[in-house]
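Trainee: Using the sequences provided together with the hints, build the complete structure.
The residues making up each chain are set out below.
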Amino acid sequence: MNKTVNQKAWFLVLPVLILVAFSAVIPLMTVVNYSVQDTFGNNQFFWAGLAWFDDMLHSDRMWNALGRQLMFSAIILAIEVPLGIFVALNMPKKGFWSSFCLVVMSLPLLIPWNVVGTIWQIFGRVDIGLLGYTLDALGIDYNYTQNTLHAWITVIVMDVWHWTSLIALLAYAGLRSIPDAYYQAAKIDQASRWAVFRFIELPKMAGVLMIAILLRFMDSFMIYTEPFVLTGGGPGNATTFLSIDLVKMALGQFDLGPAAAFSLMYFLVIMAISWVFYTVMTTLDKRDGK
Amino acid sequence: MTDTAIPEVVLNTREMTIQKPRTTSKRMRPSGGAVVMGLYLLFLMLPIYWLINMSLKTNSEILGAFSLWPRNLTFENYATILTDPSWYMGYVNSLIYVVMNTAISLAVALPAAYAFSRYTFMGDKHLFFWLLTNRMAPPAVFALPFFQLYSSIGLFDTHIAVALAHCLFNVPLAVWILEGFMRGVPKEIDETAYIDGYSFPAFFVKIFTPLIASGIGVAAFFCFMFSWVELLLSRTLTSVDAKPIAATMTRTVGAAGVDWGVLAAAGVLTIVPGALVIYFVRNYIAKGFALGRV
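If you're matching them up, the sequences are chains A and B in order.
Residues in the first sequence are numbered from 22 upward in steps of one, following the numbering used here.
Residues in the second sequence are numbered from 10 upward in steps of one, following the numbering used here.
If you're looking for bench data, these hints aren't it; they were derived computationally from the structure.
For clarity, every value in this text was computed on a predicted model and none was experimentally measured.
Idealized CB from N, CA, C, for every residue including glycine.
Mixed in with the good hints, there may be bad ones.
Stated by the list, open to error - Which bits of chain A does chain B cover? Going by a derived footprint, with three or more residues having C-beta under 8 Å, they are:
1. 37 to 46
2. 95 to 102
3. 105 to 115
4. 255 to 263
5. 286 to 299
To be verified - Dumping the calculated DSSO-like pairs for lysine-lysine here, alpha-carbon to alpha-carbon at most 30 Å:
6. A:K307 - B:K196
7. B:K215 - B:K134
8. A:K114 - A:K307
9. A:K225 - A:K208
10. A:K208 - A:K114
11. B:K215 - A:K115
12. A:K29 - B:K196
13. A:K24 - A:K208
14. B:K196 - B:K215
15. A:K24 - A:K307
16. B:K215 - A:K225
17. B:K196 - B:K134
18. A:K24 - B:K196
19. A:K307 - A:K225
20. A:K114 - A:K29
21. B:K134 - A:K225
22. A:K115 - A:K225
23. A:K24 - B:K215
24. A:K115 - A:K208
25. A:K208 - B:K196
26. B:K215 - A:K114
27. B:K134 - A:K208
28. A:K29 - A:K225
Mentor: What follows is the structure, given as structure tokens:
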């Protein structure tokens, strides 16, 4: 759609601007403020320059948390994206079963995040949980609170359970928007199932898939509540992701300076990666002539 | 050349019509798709079923014998929650701030989304991305500053504080979704209305809003959802009066161990509101998640 130039449109955006400035800019400035100051208590602060940033850049703790975070995001994207597409391809096209699948698939998305953690915490317990009990009965020594590998697998399965539906729903919406004529043309060309997927379905889904990946990346990078409830970041620090570490530092130990510096760098990493996604997305939008 | 090309097309179309009965007969037996979906839905439902199963058992049964369904069906756990104000007020508190947040988000997002979908103005693209960055902001980063900000203006432990804090990620989301839906409405409608003498507010309320009603519904649903599922900020900003249900649930861990039955019942009750609203927007869910861009 060709838009008209109208500077007065700013007035329409103004309420959003004021609200978001209040709820985002002011707190963010507080963080910036903390990140360059130090205190000996009594609310007396003095200038610390970039010392905290320097500290954090050389702290193993942050690099380890970042490493775990990147690994977690990479693993869940690698599982959820193909699985989501696969599920979307197999969903019923219309009628009662289509609505039924949509509603059931959306259910995990609407459960409060700490309840998601609780559900899996119970589900995985060897004494009272179906999953833990079954694995135990099969002779597998499963214990997600003690064993690092088991903790990781449980957290990842939980995330796959929680969010794969989001990717499936988006991919499904993308598939629904493909006109029948494309499939008929493919049939005339006697295209294989793979060719149909590769040259018709995948390109047509590209736009929504980018959104799905962007959303999943952002949310998995900020994940806090679910693993916190499930494993509490343990065993040891094995599942302490960035947000968990940050909350520990800021609210637990009240190390405001380092926590603030940490926050800003954390935010910048997310922003940088998301900007790449966003640019790709808008380019795709333009190519489709939207 | 053209003489040979035409019969080829005819041949292919004929082949397609011949193929048709074969595909329909294929549909008679259970297809691979149904099996895949069955397995996937089973995977989704099992943990939820287990929670419901536990909520209908007594604690001694939960810890005593392992059973796939409740042997002594009991609604005791639900009764505990629904009769104790310190429990059910958690749900009321959550619902209050979620509804407030949805109303605020939509009120400010509607005009902004209209501006983004219809006009170009100085800095619009940067502003749009800046809004998106707020959706990306980890709540963990904002927890402490929010606590200090709302404490200093005396809003700590009020519903409006949580509602405003959740605007951080819900307003950008609402703007995005609404902008996507508004793009789909042809601009000619606006122009015609202005020629007919409608003022901007009159046009917006009487003509434009009904046209994007489904978009507003979806945006409201998403604001509701993300405000409902969030815990970190709502827990940080409240202590007693506005404590959300998600935080109340930690009460079940007491000196005598965990009250599993009540915990499970509380969990089941948090799923109910989502399950109710989802039914109404089921056909738009995907479009909403795609931020209106399908």
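Trainee: Against this structure, judge whether each hint is valid.
Mentor: Do the hints match the structure? See the list:
1. 37 to 46: holds (count 7)
2. 95 to 102: Violated - the region 95 to 102 of chain A has 0 residues with a Cβ nearer than 8 Å to chain B, which falls short of three.
3. 105 to 115: It holds: at least three residues are needed, and the region 105 to 115 of chain A offers 6 whose Cβ sits within less than 8 Å of chain B.
4. 255 to 263: violated (count 1)
5. 286 to 299: holds (count 7)
6. A:K307 - B:K196: Answer holds: K307 of chain A to K196 of chain B is near 19 Å, not above 30 Å.
7. B:K215 - B:K134: This hinted pair holds, its Cα atoms lying about 29 Å apart.
8. A:K114 - A:K307: Holds: K114 of chain A and K307 of chain A sit about 29 Å apart, inside 30 Å.
9. A:K225 - A:K208: holds (17 Å)
10. A:K208 - A:K114: holds (19 Å)
11. B:K215 - A:K115: violated (34 Å)
12. A:K29 - B:K196: holds (18 Å)
13. A:K24 - A:K208: Answer violated: K24 of chain A to K208 of chain A is near 39 Å, above 30 Å.
14. B:K196 - B:K215: holds (16 Å)
15. A:K24 - A:K307: holds (14 Å)
16. B:K215 - A:K225: Since the Cα atoms of K215 of chain B and K225 of chain A sit roughly 36 Å apart, the hinted pair is violated (cutoff 30 Å).
17. B:K196 - B:K134: Status holds; Cα separation ~20 Å.
18. A:K24 - B:K196: Roughly 9 Å between the alpha carbons, so the hint for K24 of chain A and K196 of chain B holds.
19. A:K307 - A:K225: holds (14 Å)
20. A:K114 - A:K29: With a Cα-Cα distance of about 45 Å, the restraint between K114 of chain A and K29 of chain A is violated, given a limit of 30 Å.
21. B:K134 - A:K225: holds (25 Å)
22. A:K115 - A:K225: Distance ~19 Å between K115 of chain A and K225 of chain A Cα, so the pair holds.
23. A:K24 - B:K215: Answer holds: K24 of chain A to K215 of chain B is near 22 Å, not above 30 Å.
24. A:K115 - A:K208: holds (21 Å)
25. A:K208 - B:K196: Outside the cut-off at roughly 38 Å; violated.
26. B:K215 - A:K114: violated (36 Å)
27. B:K134 - A:K208: Answer violated: K134 of chain B to K208 of chain A is near 42 Å, above 30 Å.
28. A:K29 - A:K225: Violated. K29 of chain A to K225 of chain A sits at ~36 Å, over the 30 Å cutoff.
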